[in-house]
Amino acid sequence: MIMSNTAENKNEKKIRLKVYRENRGQDSGSHYDTFEVPYKKWTTVLDALLYVKSYMDPSVAIRYSCRMASCGSCGMKINGIPKLACYTKISELETSTIECEPLPNFPIIRDLVTDFSRFFDHHKSMHPYIEAKESSVDDTRKGTFSFYQSPEDVDKYLQFSYCIKCGLCYSACPTVGTDVNFPGPQALAQQYRYFADTRDESAKRLDIVDDRHGIWRCHFAGSCSKVCPKGVDPALGIQLLKSYMLGISKNDKVPAKKIEVESIDNRYNSSAKTE
Amino acid sequence: MASRTILKESQIMKIHYITGIAAIFVVALHIMMRLVVPFEQSLEYDYIIANYKNIVYVLILEAILVLISVHGFNGIRIILLELRQSRAWENMVTVVTISAMIGLIAYGTRTIILANGL
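Top line first, the protein sequences correspond to chains H and Y. For the first sequence, our numbering assigns the number 1 to the initial residue and increments by one for each residue that follows. For the second sequence, our numbering assigns the number 1001 to the initial residue and increments by one for each residue that follows.
Just so you know, the hints here were simulated from the structure itself, not pulled from any lab data. Treat the hints loosely; a few may be bogus.
Sample of chain H residues facing chain Y (criterion: CB under 7 angstroms; computed from the structure) [as the list claims (entries may be wrong)]:
1. Lys18
2. Thr178
3. Asp179
4. Val180
5. Asn181
6. Asp210
7. Asp211
8. Trp216
9. Met245
Quick caveat, the model's predicted, so the values are computed rather than measured. Glycine residues also receive a C-beta, built at the ideal position from the N, C-alpha and C atoms.
Work out the full structure: start from the sequences and follow the hints.
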């Protein structure tokens, strides 16, 4: 079934949008609906889908938020490759038909919306936060001290901290496709991100991933790094973590120095007085 | 997440990588030893029995048997672990692959010993 908005200008360029439709819990099965959508040079796939939702079929389910590749909500398979819909321009795809499908390796909720519960469970299991013995969360909140890190220290993990948890790497991973207990590239790369951070003192990080379904089930297909919209290289993080576990790389991490600083409240009060 | 096992997965994988790399060298050595005579001659009964009497050749054969068995059966274990996930399946896969590995090494070693005439 092809649906198009006849009210549009006939000179406008149009793209055929093939959208996967499925509603979990209903026996209607899955099918594709095709829509003809006008587009311009800067129109993204998300724009086109929102056009469909506004003017053609409001029942199309999509998840989105920021529209600027920051929130990681609008991940979907576009022409067979996991991409962010808000970060993919129609003009760049250079095809007459764009196929939008839900992310593979995620349970489908409805149409293009998938269930991220398992993905976030894996992420949480990695303890994705700094664990430092001598500093509690309360101390950090007071802002009375800071950790010194050199630019070299930051470089070791910086790219991995750009992860927006969009799930594209997880959906592209062939191991996740067969092994649901495998944490996936996102979680493992985050484990490396905290392992390489000089502020982190946890001794259990390597044990968490040293499991039957842990880091060793990564066969270095590299598809995770290829699809990351933020330029993170999860495959690199996984291989670096493996090299530490095999003893090829030595963990020469020097804990970051704790530096006493004036509390934020004091700084605020003193600056307020001077004004 | 981590399960209680005799060996950590990282230790198993170290063994996996070492046996894999070592197998390349011993198999290469084995092929080179076969190449010193024409291929047809290398398959003759007397030549093969004579090889089994050569202690260096026998040691290489035994090394190939052990290295390939350990590497291969661990590889099968990994494939099967990725195929299905449940505690019972994983334990069954581990027991079956280790048993098959020990069985194959024992049977192969017996063949080498018998052919050697020890």
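**Q.** Restraint check, 7 angstroms cut-off on beta carbons, for Thr178 (chain H) near chain Y
**A.** 5 angstroms, holds
Q. Should the hint that Asn181 (chain H) touches chain Y count as held when the rule is a Cβ pair under 7 angstroms?
A. With a minimum Cβ separation of about 5 angstroms from chain Y (threshold 7 angstroms), the hint on Asn181 (chain H) holds.
Q. Holds or violated: Val180 (chain H) as interface residue toward chain Y, Cβ cutoff 7 angstroms?
A. Holds - the Cβ of Val180 (chain H) comes within 7 angstroms of chain Y, reaching about 6 angstroms at its closest.
Q: Let me know if the C-beta of Asp211 (chain H) comes in closer than 7 angstroms to any C-beta of chain Y, holds or violated.
A: 5 angstroms, holds
Q: Have a go at the Asp179 (chain H) hint: is there a Cβ in chain Y nearer than 7 angstroms to its own Cβ?
A: Result: holds, 4 angstroms to nearest chain Y Cβ.
**Q.** Satisfaction of the Asp210 (chain H) interface hint, Cβ to chain Y closer than 7 angstroms
**A.** Holds - the Cβ of Asp210 (chain H) comes within 7 angstroms of chain Y, reaching about 5 angstroms at its closest.
Q. Against chain Y, with CB atoms and a cut of 7 angstroms, does the hint on Met245 (chain H) hold up?
A. Interface hint status for Met245 (chain H): holds (5 angstroms vs cutoff 7 angstroms).
Q) Does Lys18 (chain H) meet its interface restraint, that is, does its C-beta lie within less than 7 angstroms of any C-beta in chain Y? A) 32 angstroms, violated
Q. When the nearest CB of chain Y is found for Trp216 (chain H), is that gap smaller than 7 angstroms?
A. 5 angstroms, holds
Consistency with the previously given hints fails for number 1 only.
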